[in-house]
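So the sequence lines, in the order shown, correspond to chains A and B.
When the count follows the numbering used here, it moves up by one through the first sequence with no breaks and lands on 328 for the last residue.
When the count follows the numbering used here, it moves up by one through the second sequence with no breaks and lands on 1189 for the last residue.
Honestly, the hints are just simulated from the structure, not real lab data.
You can trust all of the hints, since none of them are fake.
Label-pair ranges, simulated between beta-carbon atoms:
1. A:Val300 <-> B:Ile1141: 38 to 44 Å
2. B:Ile1077 <-> A:Arg216: 41 to 47 Å
3. A:Thr98 <-> B:Pro1061: 56 to 62 Å
4. B:Thr1106 <-> A:Arg160: 31 to 37 Å
Among chain B residues calculated to face chain A with C-beta under 10 Å, some are:
5. Arg1076
6. Ile1077
7. Ser1086
Using N, Cα and C, we set each Cβ at its ideal position, and we do this for glycine too.
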Amino acid sequence: MSADELQLDGDGRLKHFLTIDGLGRERLNQILESAEGFIGVAQQAIKKVPLCRGKIIANLFFENSTRTRTTFELAAKRLSADVLNLNIGTSSASKGETLLDTLRNLEAMHVDMFVVRHGDSGAAHFFAQHTAPHISVINAGDGSHSHPTQGMLDMLTIRRHKGEFRDLRVAIVGDILHSRVARSQILALTALGAREVRVISPRTLIPARVEDLGVRVFHGLREGVRDADVIMMLRLQRERMSGALLPSAREYFQLYGLTEERLSTAKPDAIVMHPGPINRGVEMDSQVADGPRSVILEQVSNGIAVRMAIMSLCIGTQNRRSQATGDV
Amino acid sequence: MSSTDLWRDRAAVEAVVGQMTRELGDVLAQRGITRPLMVGIHTGGVWVAERLHALLGLNEPLGHLDISFYRDDFTRIGLHPQVRPSHLPVPVDDRHLVLVDDVLQTGRTIRAALNVLFDYGRPASVLLATLVERDGRELPIAPDLVGLQARLQPGEQIKLTGPQPLELVLAKTPERRAKRDGGVPPANA
Chain A
1 MSADELQLDG
11 DGRLKHFLTI
21 DGLGRERLNQ
31 ILESAEGFIG
41 VAQQAIKKVP
51 LCRGKIIANL
61 FFENSTRTRT
71 TFELAAKRLS
81 ADVLNLNIGT
91 SSASKGETLL
101 DTLRNLEAMH
111 VDMFVVRHGD
121 SGAAHFFAQH
131 TAPHISVINA
141 GDGSHSHPTQ
151 GMLDMLTIRR
161 HKGEFRDLRV
171 AIVGDILHSR
181 VARSQILALT
191 ALGAREVRVI
201 SPRTLIPARV
211 EDLGVRVFHG
221 LREGVRDADV
231 IMMLRLQRER
241 MSGALLPSAR
251 EYFQLYGLTE
261 ERLSTAKPDA
271 IVMHPGPINR
281 GVEMDSQVAD
291 GPRSVILEQV
301 SNGIAVRMAI
311 MSLCIGTQNR
321 RSQATGDV
Chain B
1001 MSSTDLWRDR
1011 AAVEAVVGQM
1021 TRELGDVLAQ
1031 RGITRPLMVG
1041 IHTGGVWVAE
1051 RLHALLGLNE
1061 PLGHLDISFY
1071 RDDFTRIGLH
1081 PQVRPSHLPV
1091 PVDDRHLVLV
1101 DDVLQTGRTI
1111 RAALNVLFDY
1121 GRPASVLLAT
1131 LVERDGRELP
1141 IAPDLVGLQA
1151 RLQPGEQIKL
1161 TGPQPLELVL
1171 AKTPERRAKR
1181 DGGVPPANA
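Same shape as in the complex, but just chain A:
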């Protein structure tokens, strides 16, 4: 089943959120608009809205993550949902329970939404295909395939600083080959109509035919960031450096590390982003990470609002379904 058939209901409403691929500009803008509304909830004395009262949202993390899991948890709690956090790596899976058995057990606990992070590409799709029809699945990162909520929180951050996408040159720097974040960013930026999307990376860390995604490839940082409005740094997975792909962290920084000096060719008002956690002195200098162009901590706050928007859109679609079928 294609991602489109899976993640949209018959009326084109978002039921699962698995990938940005195929969602289209209008739907992405709707998510961003709703997220703008949810940003305001942080200004309330009581930082909660009642949208998902009585719903149970289970975070299924087969892979470690602190930031993503915490912001999903906070998003669910701000929507007044009840949250279960399951670190599957340390529980059932190690006792030999199959994925489907885990799923059925959680369904029996009347869970309404699964937030899934898994090391294998396609894991969230698998969950969406096999789960009961009244349950929504959100992809919180699957293998090197997709990390769509990260992509959307990045778009929200860009839009809040820069407005329209059609005027923007955006440079993505780092390990494009293994990065699910980069894939989601590229899909979102092209769907939203960014003027130019560039990827900047050593030859060993760039996938074949990446141009087919509609990006321009650069191997040098200085040319790559020239006149850029937005520079999105990717995290360098340290485990890649043990293979033959990269000589050393120090050499990577020599060539691809972002410094104030190298930023000088970018637009004066360019913003610098990073999905975290930062390897200071590898992907970027502390001066840049803590400097005036850095919007890295805003990305974290925006992540909560975007996840609230996506969760409530999916739960809302489920509500409509149960209303229509009389199945509650």
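For this one, chain A is given, so just place chain B on it according to the hints.
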């Protein structure tokens, strides 16, 4: 498909808003409220509140409320497609608020708006001002100040269009139009 007729033109609406401004000034004076905070409900309520705010010459900025996250029909129809951020520029704690909406019908919007306000703080009091009060209340909510009153036929709805000019239109669904005899009662009845 529904059809719409003009119900009150811009001059009539402006006159009503002018009348509401005078009455609101009296109510505030009676209650000894000197520094009210005005809050409009998106979208029509904000338009009316902007007028009242300017005509009363209030110093503190106008607040905007979006009730999408507090609607009681989320469990039926999902998230409202157009959400605007709520913005309360001044803390509401211990302040006297004037909540403004365009049309009061079921009272569900006001119920939701009060819940939003109380998640921002604990106001000293809340007054409700609506441009139009129509029949169809489903909750025990009554306005303190009303511009126009209306009784409508089934299938009819009053909507405020704006922001420039402000006009009130009557929307009718075709299948109900045959029953329209009697029409709309005179305003300010």
